[in-house]
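K.L.:
Starting from the structure of chain G, add chain C where the hints point.
Protein sequence lines correspond, in order, to chains G and C. With the first letter of the first sequence counted as 1, position 357 gets the number 357 in this note's numbering; the numbers rise by one all the way through. With the first letter of the second sequence counted as 1, position 125 gets the number 125 in this note's numbering; the numbers rise by one all the way through.
Calculated from the structure, these hints are not laboratory results. From the three backbone atoms N, C-alpha and C, an ideal C-beta is built for every residue, glycine too. Don't take every hint at face value.
To be verified - Derived EDC-like pairs (lysine to aspartate or glutamate); straight-line CA-CA distance at most 16 Å: (1) G:413 to G:300; (2) C:92 to G:11; (3) G:70 to G:53; (4) G:172 to G:53; (5) C:88 to G:340; (6) G:617 to G:446.
Claimed, not checked - Just the calculated beta-carbon pair ranges, DEER-fashion: (7) G:413 to C:85: 26 to 32 Å; (8) G:683 to C:85: 23 to 29 Å; (9) G:737 to C:154: 52 to 58 Å; (10) C:1 to G:30: 40 to 46 Å.
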Amino acid sequence: MKNTFIGAPVERREDLRFLRGRGQYVGDLAPQGLLHAVILRSAVAHGHIRSIDASRALTMPGVHAVITAKDMPGGPPIIPMRLQPLPEFKPFEQPVIAADKVRYVGEPIAVVLADSAAVGEDALEAIAVDIAPLPPVADRATATKGASALFEKGNTALVFSAVRGDAAAAFKDAPYRRREQFKTQRHYGLTMEPRGVLAEWDAAQGILRVFGAAKVPFFNRRILAAQIGLPETAIDMVENDVGGGFGARGEFYPEDFLIPFAARQVGRPVRWIEDRRENLMAMNHAREAEADVEIACTRDGVILGLRGHTYADMGAYMRTNGAVGARNVAQFMSGPYRIENIDIDVTLFMTNKTPVGTYRGPGRFETDFFRERLFDMVAKDLGIDRVEFRRRNLVADAEMPYRLATITPFESKDELDSGDYQSTLDRCLMEIGWNEKQKLQGKLIDGRYHGLALGCFIEGGAAGPKETVKIALNPDATFTVLMGSSAVGQGVETVFAQIAADALEVPLERIREVLHGSTAYVSDGYGAYHSRSVVMGGSALLDAVEKFRAAVRADAARRFGCAEDAVRVGDDKVTGPDGRALALTEFAGIAAEGFFLNKKHTWTYGAHAAHVTVDAKTGRVEILDYAAVEDVGRIINPNTLKGQVIGSLVQGLGGAFLEHLVYDDQGQLLTGSLMDYLLPTASDFPNLRSVTTELKPSPINPLGAKGAGEGGIIAAGGVVANAVANALGDFGVEPRELPLSPPRVWEMIDAARSNAAAE
Amino acid sequence: MTTRFEVNGKAVEVNVEPRMTLADCLREVLRLTGTHLGCEHGVCGACTVLVDGEAVRACLMLAVQAEGRSVTTVEGLSNDDDLTPLQKSFRKHHALQCGFCTPGMITTAHALLSEEPDCDADRVREVLSGNICRCTGYIPIVEAVLDARSAYRKPAGDRG
Chain G
1 MKNTFIGAPV ERREDLRFLR GRGQYVGDLA PQGLLHAVIL RSAVAHGHIR SIDASRALTM
61 PGVHAVITAK DMPGGPPIIP MRLQPLPEFK PFEQPVIAAD KVRYVGEPIA VVLADSAAVG
121 EDALEAIAVD IAPLPPVADR ATATKGASAL FEKGNTALVF SAVRGDAAAA FKDAPYRRRE
181 QFKTQRHYGL TMEPRGVLAE WDAAQGILRV FGAAKVPFFN RRILAAQIGL PETAIDMVEN
241 DVGGGFGARG EFYPEDFLIP FAARQVGRPV RWIEDRRENL MAMNHAREAE ADVEIACTRD
301 GVILGLRGHT YADMGAYMRT NGAVGARNVA QFMSGPYRIE NIDIDVTLFM TNKTPVGTYR
361 GPGRFETDFF RERLFDMVAK DLGIDRVEFR RRNLVADAEM PYRLATITPF ESKDELDSGD
421 YQSTLDRCLM EIGWNEKQKL QGKLIDGRYH GLALGCFIEG GAAGPKETVK IALNPDATFT
481 VLMGSSAVGQ GVETVFAQIA ADALEVPLER IREVLHGSTA YVSDGYGAYH SRSVVMGGSA
541 LLDAVEKFRA AVRADAARRF GCAEDAVRVG DDKVTGPDGR ALALTEFAGI AAEGFFLNKK
601 HTWTYGAHAA HVTVDAKTGR VEILDYAAVE DVGRIINPNT LKGQVIGSLV QGLGGAFLEH
661 LVYDDQGQLL TGSLMDYLLP TASDFPNLRS VTTELKPSPI NPLGAKGAGE GGIIAAGGVV
721 ANAVANALGD FGVEPRELPL SPPRVWEMID AARSNAAAE
Chain C
1 MTTRFEVNGK AVEVNVEPRM TLADCLREVL RLTGTHLGCE HGVCGACTVL VDGEAVRACL
61 MLAVQAEGRS VTTVEGLSND DDLTPLQKSF RKHHALQCGF CTPGMITTAH ALLSEEPDCD
121 ADRVREVLSG NICRCTGYIP IVEAVLDARS AYRKPAGDRG
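Chain G with its partners taken away, still in its complex shape (with noise of 0.2 Å):
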């Protein structure tokens, strides 16, 4: 294998589509005969439906149906989960449509088809639904007092706890622990495209077609089939220019049935495209969590154990990913950190809110900022310096591979794969400058504070269990890459191309098409998420190389007469034994499907700094200086792994200063619109900077790589919120909740202020 294209800063093949507005997302397909689909969704959060009336929009020029629940013999299908897929979560799963109980504000009750989407909308004024009012859940306090179940089973799904030593013992004789409660703000990942779904039914050759598949369209099909009655084989997902990802879009949704089964009902195409305040009420929410934890160590700083609750609201339904972000929580509290003895639970709770699935680093977010926070509470306690607390804890090379809590149930083990977590600490200081700006901790310089912090974190990749990608030769001498994983923006066509051109030590040119996320190209696709997609995608890719070249081997030495260890497979051509020789196009059509099986997974670990002033007059908070510094293992493109950390990052400032989905007690979305859910702009957030290296191959697989789409947002709410304490450590201000939007910063300062004149 050849080493041109990997590592090399190539250009992206996907630009050239997309700059010239030539990208073919699902809003953008419009078949002959197109129907639009618009969805009837509850205004009530909690409540019983006692009628559907329909008759009025039914009569509207331009209707062509309104479906319920009604339209379903044996009630609507139920969406199982796709990962950690418990049977006590099945009481909690979410029905395709409400039948008889509507449970968050935005839960679909009736989808109307008509000739535009405007028609559709006017009809949706015309149904008339009843639903009697229950008392609605919007909290945890009132989810835990019962009064009001979502459920029949209530309204706690499951408690996982995360369990490594003997946590009890630990604390026993402890000679310092200290308790902190802190809190991260429901937010999501937001998509700049909404989702879509276009499905077409054709009943001549009894074929599903359902374009606007992302992410998991193997694993789609799967639900859909059975779903709707039909063989998978009699279903193709197709994977269009997807507008984003981050863990929401893809997975699947009531929509994902509720689209095809109307299709197959009317016997046309029907779209459905997401509005924005659909899209805010609809997809997966995220974040929304709790701690409650102690710490105990040594008077020097080493930490003996680890304890306490956590809480994840988990909205309405047990969505298919719902049990990630909290299991993380509970799971990944120690982050890169050697904690021997641990005892967190986490309880997923429900709540008439939207449900809630993944969001780039999953519970990572969440609980990176509750340990680092109580990290640099200890440190001060305990008057060791931050960096010097948390150099005595990192877990050390050699101790790898380093087992984390398991958790149960579900008998999830860990291990950590490899890492010098110390030199990514001392590269992020230098990068910051960290011994130089130490002067500037605290201080106030023309009316705002400064205030310095770091936090170490690892993100976690190469979910398996599989990834499949197909490499086939064409009459012209190129190739082409069918994978199995999904394309969401972050650049895949450009990355295997790369890594193809050097398997196959051949011209960037001649990988004529990488094509993937459809049901169609290969026989097996587990999709992208958890950073998986160059990790397991890539290395399957290796494989299929071995195998291509197995079989144009076996073809040659058949042709040759010969052995086939006798034949030489080159770039242009392929010899046999006396010089005898084909040209590699006489094997065009020759396919290979490569596999690359994984249970374990890699890990990317880094440091984050940040150097931030806060005005105390308006509590808004500037990030002067931020340093990202990531080991990635191996990189296969700089530019769209740089692309990967500022964006996340980004993604994770929007988490930390600004993103909320805020519920009233009713259970109503008070952030419906843009102007309500604050997202990071252009001018918010310039001074950013991103370094990463390649010093720990990943040993568990054949490019080393270690996924890297989620480090830049996992270490960002804590780094900042640490920032923040230090800038106003002379008014004592110890953030313990996020957002750190402006109003809150000023809050805490007033109160700090308060309490001084108070005493």
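P.N.:
The following block gives chain C in isolation, referenced to the frame of chain G:
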């Protein structure tokens, strides 16, 4: 209502409901799907087009209001042969990932650089702050726009 205007240099005549937005008209009637809809309430900027050279949110303008105007979309700022200097700069700086906000970024940046080819980074950030990108973190977009300024500067002799 019958409405006549110019799109990307070509005269068009459409028959649309008065309530149809310019964005929907471009996408659904004229099938120019490069103009994207990210929020339909004027915040995200993905649908930005040029109307008589000025950057305008096509989701906040009705198609009938385009009567007699000249509309330019991202398709009109592109050609088959090669990327434009602005597009090349976006590609070079990896200023796009999923590509969904990109047409609005291109039209907004084109309008800015056509008027102010000497703008500084703060000005670029100010103008682009009306366009939301969820993938890139904006830094490479700002770099790309700054790097493309030279292509918009008139030769020295032409300057008034």
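K.L.:
Assuming the hint says 40 to 46 Å, is it satisfied by the Cβ distance from residue 1 of chain C to residue 30 of chain G or not?
P.N.:
Cβ of residue 1 of chain C to Cβ of residue 30 of chain G: about 22 Å, so the range 40 to 46 Å is violated.
K.L.:
May I ask you to test the hint 23 to 29 Å on the CB atoms belonging to residue 683 of chain G and residue 85 of chain C?
P.N.:
Cβ of residue 683 of chain G to Cβ of residue 85 of chain C: about 24 Å, so the range 23 to 29 Å holds.
K.L.:
What's the verdict on residue 172 of chain G and residue 53 of chain G, does the C-alpha distance respect the 16 Å limit or exceed it?
P.N.:
At roughly 64 Å apart (the allowed maximum being 16 Å), residue 53 of chain G and residue 172 of chain G break the hint.
K.L.:
Straight-line Cα separation of residue 413 of chain G and residue 300 of chain G no greater than 16 Å?
P.N.:
Measuring from Cα to Cα gives roughly 30 Å; hence the hint is violated.
K.L.:
The hint says 52 to 58 Å between residue 737 of chain G and residue 154 of chain C; measuring C-beta to C-beta, is that right?
P.N.:
holds (53 Å)
K.L.:
Does residue 11 of chain G lie within 16 Å of residue 92 of chain C when you go C-alpha to C-alpha?
P.N.:
holds (6 Å)
K.L.:
Holds or violated: are the alpha carbons of residue 617 of chain G and residue 446 of chain G at most 16 Å from each other?
P.N.:
This hinted pair holds, its Cα atoms lying about 12 Å apart.
K.L.:
Holds or violated: residue 88 of chain C with residue 340 of chain G, Cα cutoff 16 Å?
P.N.:
Given pair residue 88 of chain C, residue 340 of chain G is violated - Cα atoms ~52 Å apart, limit 16 Å.
K.L.:
Go ahead and decide if the range 26 to 32 Å is satisfied by the Cβ distance of residue 413 of chain G to residue 85 of chain C.
P.N.:
Taking Cβ atoms as reference, residue 413 of chain G and residue 85 of chain C lie about 54 Å apart, which means the hint is violated.
K.L.:
Holds or violated: residue 70 of chain G with residue 53 of chain G, Cα cutoff 16 Å?
P.N.:
Since the Cα atoms of residue 70 of chain G and residue 53 of chain G sit roughly 12 Å apart, the hinted pair holds (cutoff 16 Å).
Violated hints for the displayed structure, listed by number in ascending order: 1, 4, 5, 7, 10.
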